Amino acid sequence: MLDINNLSASIENKKILKNFNLKIKPGEIHAIMGPNGSGKSTLANVLSGRKGYEIDGKISYEGEDLLKIPIEERAQKGVFLAFQYPIEIPGVNTNNFLKTSLNAIRKFKGLKELDSLDFLKLVKEKSKNLKIEEKILSRQLNVGFSGGEKKKNEILQMTILEPKLVILDETDSGLDIDALRIVSEGVNSLRNEKRSFLIITHYQRLLDYIKPDFVHVLVNGKIVKTGCSDLAQELEKDGYEGVTAAR
Amino acid sequence: MNLKFEEFQKIKLGLKELDNIRLKSFKKFESQGFPTKKQEHWKYTDLNTIIDNNFSNLKIIEDKKSSYYNNKSLIPNFEHNRIILLNGRFIESNFSFENEKKISVKSLKNSFENKEDFKKIKYYFDDDQNSMVSLNHAFTNDGIILEIDDNYLFNKPLVIYNLFDKLSENKIVNNKVFISLGNESSLSLVDFYKCENNIKYFNNTIHNYTINKNSILKKFSINAALDNSYNYNSTKINSYSNSIFENFLLSIGPSFIKNEVHCNLLESYASCFVNGIMLLDGDQHHELKTNINHKHENCKSSQLIKSVLLDNSNATYQGKIYVNESAQKTNGYQLSKALILSEKSEFNSKPELEIYADDVKCSHGSTIGNIDENSIFYLMSRGLTKDQANKMIVEGFLNEAIETITEPNIKLLILQLFKERINKANV
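Sequence lines, in order, name chains D and S.
Numbering-wise (my numbering), the first sequence opens with residue 1 and increments by one.
Numbering-wise (my numbering), the second sequence opens with residue 1001 and increments by one.
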């Protein structure tokens, strides 16, 4: 599914990712943990196509050179980034945005675009599962949403768009226990043998709800340790310094 | 560019009193000419140059009345009463949804011929520093006087159609619209502009409204059709106790518009809301000037103006809130936001607060910027193309002002016209 080979990324001449390597197979869940400034968000940004980075190395996504695919096409081809800080866009109706997004992706897949009625039916069902109040969907996109509502809205988008590769960029930060559970249920409900997840997080907390296949420790732009889900607990106990010193 | 006295001599004279005003006004206009950027209020809109650049031989419209208008100019699927002005002249009115006994509509031209009728409106031919007003006084040849009784609530909106045909080509049309709303009455008014065959003309209309106690006037100024017209509209409103004036301006179609809204809040609890959007491309040049005078205590006013500029377009918002010393407990709010989406477009903003009372709440804000890159990235990361993302953001940006419209059917009409316009713009 995703093969990152010797990836380096710098911004304003500052090297953030250094010879980074990662392979994700279909159906796998990978967690990346690391201290502040280790390059976690840069990785998410590079994968989703945000501008402003100087990039070296190779990323292959389903056999294609991901770095050559324009931003919107990455989304159409199944890459989804749940933002750490979802953007507020005044005046844009959330439902209308979701419909435009879904139809752009359906169109790319060669599927029939949904009309308003079918779309609303779909949204109703999905938002009910995530315990999202329908009210917020008729509001302006993320405007005046609480932190939890913003993150839930990201997860709702994920369940509607049904991507192949999901990148969660610190989706758990700022969530209370209930919201965390809802977000995790959203992820778990999408889990299948074809869909892969890359979960970027600071804390082990989220991984209590979503059990990853692999945990990687990212320090200074490099993966310094890889293990199974137990590694997350070790990190929680000993801290990043403890784990990396034991190396 | 100026007008010759021969032009003035062409108009037919009538009441001596009016003729004196006309002559005085013409002399005044002749000495000043069209406003230039040297005048503070025209700083960003040099009308004299604009006219020079776009009209080679501008003349006053002939005193001729045509009464045929194209039915297709009427707004379809929208129940409304109507008044038709063709080339500035009053053609017909239709109030089939209303109790006609409560409504009086007269041609201004008829009032010019009758001493008693003229007495009632003479007050409005006041001296003005603005040469466009002098021009209007000198040449106005028709318009309407609309009076609504006390205690009358309109069932359906009234559309005043301002239609223009070949007769107006390369001409200046001057007219006046008087509206007086009795106590406890309400009216939703759509001021709708449309011309045929994309002719070029200059329209100069002066509006005077009186809103009496406990009454509501909602006005929707719709200049939506992309055309080659030049428009100057100045509206003066006198608002009395506990009345509401709402004005939404859809300033998106013609080559040139300068709209002025001067509202006097004369008695307690009167309020005035002016909101609008300007969406311009090509060489369009639009300006909105609002002047809200808080002359009494406990009045409220607010303005929200949103503008989006493309290509070589140019827009200005000048907003003044004046609070005199007796207008305590005033609540005044003003916000202008503009997006400049091309290198050559220009937006000018001049917010002004002039406050002489000490217990007031007033604020103003003005921002000019570009579309936020993060917003574009967010939408593109959900599969939208850059064009789709840009358009969605711009539409949302302007939608915020449209959302303030309190009449659902008119909001739908305005949304539809706005969508048609934005689809033609290269956002």
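Calculated from the structure, these hints are not laboratory results.
Because the structure is a prediction, the values reported are computed rather than measured.
Possibly wrong hints are sitting among the right ones.
[Stated by the list, open to error] Partial chain S-side listing against chain D, Cβ under 7 Å, derived: (1) N1020; (2) N1077; (3) N1374; (4) L1384.
[Said to hold, decoys possible] If you anchor each label on the Cβ, the simulated ranges turn out as follows: (5) E113(D) - N1409(S): 42 to 50 Å; (6) V143(D) - K1386(S): 19 to 27 Å; (7) K1115(S) - V143(D): 45 to 53 Å; (8) L114(D) - E1196(S): 55 to 63 Å; (9) I1368(S) - N192(D): 46 to 54 Å.
Glycine included, C-beta positions come from ideal geometry on N, C-alpha and C.
Each hint, compared with the structure:
no. : hint                           : result
1   : N1020                          : violated (53 Å)
2   : N1077                          : violated (20 Å)
3   : N1374                          : holds (5 Å)
4   : L1384                          : holds (6 Å)
5   : E113(D) - N1409(S): 42 to 50 Å : violated (29 Å)
6   : V143(D) - K1386(S): 19 to 27 Å : holds (22 Å)
7   : K1115(S) - V143(D): 45 to 53 Å : violated (60 Å)
8   : L114(D) - E1196(S): 55 to 63 Å : violated (41 Å)
9   : I1368(S) - N192(D): 46 to 54 Å : holds (49 Å)
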